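Letter by letter, the chains look like this.
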Amino acid sequence: MSGNEFQIFINVLLANNFVLAMFLGLCPFLGVSGRLDTAFPMGLATTFVMVVASLCAYGLNVLLTAMHLEFLRLISYIVIIASAVQLVEMVLKKYSPGLFRALGIYLPLITTNCAVLGVALFQTSREYSLTQSLTFSLGGGMGFTLALVLMASVRERLKLSQVPGLVQGTALSLMLGGILSLSFMGFAGLGG
Amino acid sequence: MSASVTQSWDELTEGLWRQNPTFVMVLGMCPTLAVTVSGVNALAMGIATTLVLIFSCLLVSLMRNIVPGEVRIATYIVIIATFVTVVDYLIQAISLELYDALGAFIQLIVVNCIILGRAEAHASKTPPIPAMLNAVGMGAGFTLGLLSLGIVREILGAGKLFGITLFGESFQPWVVMVLPPGGFFVLGGWLLIFAWWARRKEAGGAQS
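Chains as they are written, first to last, in my numbering: chain A, 1 to 192; chain B, 1 to 208.
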């Protein structure tokens with residue numbers, strides 16, 4: 001059983017990376033990845049929200065299934081995620097106001113980060129157990145952080161190099177994302 | 001009368017071209033890249049999103065004077081989630097095959113930034129009719145964006161268009177185009193083409 005959890009973790013961290021293979025959470029991936037010192041905390045905050053949301057979603061799913069209210073799943077997940085984001089926002093505001101300002105609009109936008117809702121939906125549809133769900137969300141969050149940090153490092157370097165004016169902006173980020181995604185395909189098969 | 005017609009036309013075409021959600025605003029990237037493996041998937045996703053967009057914008061616009069400012073985002077999200085659930089069950093009833101192909105991305109329409117963005121930036125400030133027209137335009141623009149990706153990726157990656165084989169036996173599919181990296185590359189390519197076009201137009205305007 002422990003091998004199984006490890007498989008899920010490696011799989012979602014590398015082979016099925018949320019951003020680069022499953023296209024979840026692209027908005028912050030393209031938006032916040034300009035600088036390394038905001039990308040890393042953003043990744044951590046998202047990971048934290050993911051784990052909390054996954055935990056709550058698991059409990060909620062048990063409750064909803066017991067009461068035969070499956071059609072309320074989507075709505076209740078969203079409400080849970082919004083509350084978790086609110087929690088992170090309050091904690092950050094209290095303990096790290098600088099970071100809070102740096103993340104700006106992207107912090108409340110974690111609510112509409114599809115990766116977070118994706119974790120909750122996938123763990124439900126794949127019928128993961130509690131420990132499996134936690135590993136899945138932790139791995140997913142770390143994979144998200146990894147992708148964000150890699151992208152930010154490349155983009156910081158690119159600022160110093162000469163790029164044709166036409167390519168600058170979103171097109172360049174997308175091409176970079178494509179190349180990163182291509183290299184992550186090398187992990188295919190890891191973790192089954 | 002003609003002024004109001006022009007205005008309605010403006011509302012409708014805003015999303016189609018000038019503020020195209022995919023190419024100009026670069027919103028709603030996740031479904032755009034994830035489901036555009038084939039033309040059919042892209043079309044279905046576009047229609048589903050458009051439906052949710054229209055009904056959510058209508059309801060948000062009708063409720064714009066009732067909802068207090070502090071809880072508006074939460075209200076919008078619940079409204080959107082309700083319509084997504086409806087569309088989710090609808091697709092499941094119409095075509096199970098399509099439902100499996102789109103997978104979790106139907107439910108993920110909830111977190112599509114286009115819908116929340118439109119509800120917040122437009123529908124919450126306009127009367128129902130223009131809000132709906134705008135939503136129709138935005139939805140059509142989004143569908144157009146999805147289609148232009150889906151068609152290119154299907155032709156290059158599978159040699160097919162809407163499931164019909166285009167080339168002969170000897171066609172060697174460019175498989176990477178239907179894999180995740182292809183999504184990034186094709187969208188990047190489209191954006192490059194538009195940037196080049198805009199620059200050419202600008203240069204032409206400066207000369208004349």
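These are computed hints drawn from the structure, not numbers from a lab.
Just so it is clear, the structure is predicted and the values come from calculations on it, not from any experiment.
Every residue, glycine too, gets a C-beta built ideally from N, C-alpha and C.
Be a bit skeptical, because a hint or two may be false.
[Said to hold, decoys possible] What follows is a set of in silico ranges between Cβ atoms, one per label pair, in the way DEER data are often shown:
1. B:Ala203 - A:Gly104: 47 to 55 Å
2. B:Ala203 - A:Gly34: 49 to 57 Å
3. B:Leu166 - A:Val154: 30 to 38 Å
4. A:Ser183 - B:Arg199: 29 to 37 Å
5. A:Asn4 - B:Trp9: 56 to 64 Å
6. A:Lys93 - B:Gly69: 17 to 25 Å
7. A:Ser96 - B:Pro173: 28 to 36 Å
8. A:Val154 - B:Gly204: 33 to 41 Å
9. A:Val163 - B:Ile94: 15 to 23 Å
10. A:Leu130 - B:Ile193: 29 to 37 Å
11. A:Val167 - B:Gly69: 35 to 43 Å
12. B:Ser4 - A:Val167: 38 to 46 Å
*Those earlier numbered hints the structure runs against, lowest number first*: Of the numbered hints given earlier, those the structure breaks are 1, 2, 7, 9 and 10, listed in rising order.
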